[in-house]
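**Student:** Residue strings, one per chain:
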Amino acid sequence: MPDAPLLEVTGLRAGYGAIEILRGVDLAVAAGEIVALLGSNGAGKSTLNNNLSGLYRPFAGTVRFDGNDITGARSTRIVEAGLVQVPEGRRIFPNLSVRENLELGSYRRGRAARQKNLDRVVAIFPRLKERWTQDAGTLSGGEQQMLAIGRGMMSEPKLLILDEPSLGLSPRLVEEMFALISRLNGEGLAILLVEQNVVQSLAIAHRAYVLEGGVVALSGSARELAEHPGLRKSYLGH
Amino acid sequence: MLDPQIIIAGVLNGLLAGGIYVLVAVGLTLIYGVLHIINFAHGSLLMLAMYAVFFLWRLAGLDPYVSLPLVTAGAFAVGFVLYRLVIGRFSHGKDENILLITLGVSIVADNLALLFFGGDTQTIDVPYAGDIIQVGAAFLPLPKVISCGAALLICLVLGLFMTRTDTGKAIRAVARERQGARLVGIDVEHVFAVSYGIGIACLGAAACLLMPTFYVTPQSGYAFVLVAFTIVVLGGMGSFLGAAVGGFLIGITESLGGLFLGEQLGQIGISLIFILILLLKPTGLFGSRA
Numbered sequence: 001m002p003d004a005p006l007l008e009v010t011g012l013r014a015g016y017g018a019i020e021i022l023r024g025v026d027l028a029v030a031a032g033e034i035v036a037l038l039g040s041n042g043a044g045k046s047t048l049n050n051n052l053s054g055l056y057r058p059f060a061g062t063v064r065f066d067g068n069d070i071t072g073a074r075s076t077r078i079v080e081a082g083l084v085q086v087p088e089g090r091r092i093f094p095n096l097s098v099r100e101n102l103e104l105g106s107y108r109r110g111r112a113a114r115q116k117n118l119d120r121v122v123a124i125f126p127r128l129k130e131r132w133t134q135d136a137g138t139l140s141g142g143e144q145q146m147l148a149i150g151r152g153m154m155s156e157p158k159l160l161i162l163d164e165p166s167l168g169l170s171p172r173l174v175e176e177m178f179a180l181i182s183r184l185n186g187e188g189l190a191i192l193l194v195e196q197n198v199v200q201s202l203a204i205a206h207r208a209y210v211l212e213g214g215v216v217a218l219s220g221s222a223r224e225l226a227e228h229p230g231l232r233k234s235y236l237g238h
Numbered sequence: 239m240l241d242p243q244i245i246i247a248g249v250l251n252g253l254l255a256g257g258i259y260v261l262v263a264v265g266l267t268l269i270y271g272v273l274h275i276i277n278f279a280h281g282s283l284l285m286l287a288m289y290a291v292f293f294l295w296r297l298a299g300l301d302p303y304v305s306l307p308l309v310t311a312g313a314f315a316v317g318f319v320l321y322r323l324v325i326g327r328f329s330h331g332k333d334e335n336i337l338l339i340t341l342g343v344s345i346v347a348d349n350l351a352l353l354f355f356g357g358d359t360q361t362i363d364v365p366y367a368g369d370i371i372q373v374g375a376a377f378l379p380l381p382k383v384i385s386c387g388a389a390l391l392i393c394l395v396l397g398l399f400m401t402r403t404d405t406g407k408a409i410r411a412v413a414r415e416r417q418g419a420r421l422v423g424i425d426v427e428h429v430f431a432v433s434y435g436i437g438i439a440c441l442g443a444a445a446c447l448l449m450p451t452f453y454v455t456p457q458s459g460y461a462f463v464l465v466a467f468t469i470v471v472l473g474g475m476g477s478f479l480g481a482a483v484g485g486f487l488i489g490i491t492e493s494l495g496g497l498f499l500g501e502q503l504g505q506i507g508i509s510l511i512f513i514l515i516l517l518l519k520p521t522g523l524f525g526s527r528a
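These protein sequences, in sequence, are chains A and B.
When the letters of the first sequence are read in order and numbered with the working numbering, they come out as residues 1 to 238.
When the letters of the second sequence are read in order and numbered with the working numbering, they come out as residues 239 to 528.
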């Protein structure tokens with residue numbers, strides 16, 4: 001990486017209350033990359049996301065994004081800077097229509113290009129157009145995941161964090177989801193893909209980190225990690 | 239038997255009285271829907287707004303209808319600042335703390351009013367206070383026709399605000415999904431303060447519409463807010479439509495109850511309707527969640 005990476009996390013320590021979950025994490029995502037963040041439940045993946053998005057303040061360490069120090073910044077400023085998270089569990093607005101959910105995606109950022117981006121999201125997810133005026137709470141799980149990603153795209157992010165996008169989807173939809181992530185990346189969007197689905201994540205990612213017990217246990221190119229005996233043992237069982 | 243014309247007149251009068259109830263209840267249900275707390279300061283803030291209308295009339299000669307934009311905007315500012323400086327700051331993000339703080343604000347406001355304004359009943363004199371409009375056999379007091387019309391108009395504008403503007407959509411988003419709201423960059427604390435401000439602005443408008451026919455004492459907010467609590471629960475906690483329908487329903491019930499049972503006993507009708515609806519639908523008319 002010749003240039004400074006888009007996202008650079010150094011020595012991040014974070015947790016909830018007095019409990020430290022992340023014990024010094026170093027991680028970087030360059031422009032145009034898909035970086036997979038792997039790890040079992042409780043490894044600290046969601047803690048990392050929530051600290052990157054400004055929902056919590058880290059205890060120590062720095063987060064630099066797009067040339068600025070955003071350590072401990074509020075979520076409003078982080079979204080404004082173009083670091084946007086599509087959270088686990090989707091967190092769509094169930095009482096708002098599909099259209100309103102997407103519109104609020106550009107509440108803080110990308111408002112000027114709202115109509116253009118609505119058209120773009122609809123082109124990617126024609127299904128959402130069919131549900132346009134329905135309350136988002138009435139959508140199926142797969143549709144809600146599309147809506148959550150669409151809402152994230154409405155803000156024209158520079159880096160999209162996708163937290164468990166394949167969770168709760170049927171195998172066919174999981175395939176579609178990974179194809180879509182590849183496609184978005186192909187259009188130049190940098191993606192931090194947080195997943196338990198190791199094989200498919202490594203298949204589309206450029207690089208990957210494996211989080212274990214709050215520290216990065218392994219990192220490297222996706223190809224290297226896919227062949228790594230330790231990783232194969234812990235996640236693939238052979 | 240009662241003449242049907244009298245009953246129609248009773249229903250019309252009830253609808254007119256209901257307009258104010260709707261306004262007070264909409265403010266209460268909005269604050270509940272977004273902040274998930276019962277605003278115990280609602281009655282006291284209504285009372286303060288009524289004093290503001292009274293003093294604007296007595297000291298500056300402003301007609302209550304003229305002072306409506308001023309008092310409504312002032313009430314929004316008071317609500318916004320009250321949330322930012324007191325309620326939000328001292329609640330430390332805990333709903334039960336917000337509840338106690340609004341109760342504290344109410345006690346302080348009531349006693350300050352008693353200290354500075356005294357316990358006497360204050361009224362204002364406007365030339366149109368006794369004007370009557372005749373509709374069929376019904377004689378409708380002009381100030382009540384105006385208050386009901388204005389209350390409906392304000393609710394309509396508020397409804398458009400909530401569905402057509404980004405701020406309105408953000409308020410509705412925060413009401414159900416705070417975390418998701420933060421992740422699209424909505425300043426949730428700001429939305430709380432704006433929602434509280436709008437709830438109190440409804441009281442400012444209600445105070446202006448009430449004063450031509452009502453009086454103010456340090457206690458006079460309670461009568462309306464008790465009814466408003468009933469309406470909010472009956473209509474479904476947090477539901478706009480519920481507050482609107484419930485407000486008119488209670489207005490009519492009160493009016494017809496007065497007609498059949500007399501002014502004092504007529505209030506029983508409200509409790510009866512309340513119990514009956516909650517027996518049949520425990521979440522209220524338009525409530526979705528328990």
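Read the hints as simulated data drawn from the structure, not as lab findings.
Even for Gly, the Cβ is constructed at its ideal location relative to N, Cα and C.
A couple of the hints might just be wrong.
[Said to hold, decoys possible] Computed, partial: chain B to chain A, Cβ under 10 Å:
1. A408
2. G423
3. E501
[Claimed, not checked] Quick partial rundown of chain B residues pointing at chain A, CB under 10 Å, derived from the structure:
4. A411
5. I424
6. G504
**Student:** Which hint numbers doesn't this structure obey?
**Tutor:** When the structure is compared with the hints, numbers 3, 6 turn out to be violated.
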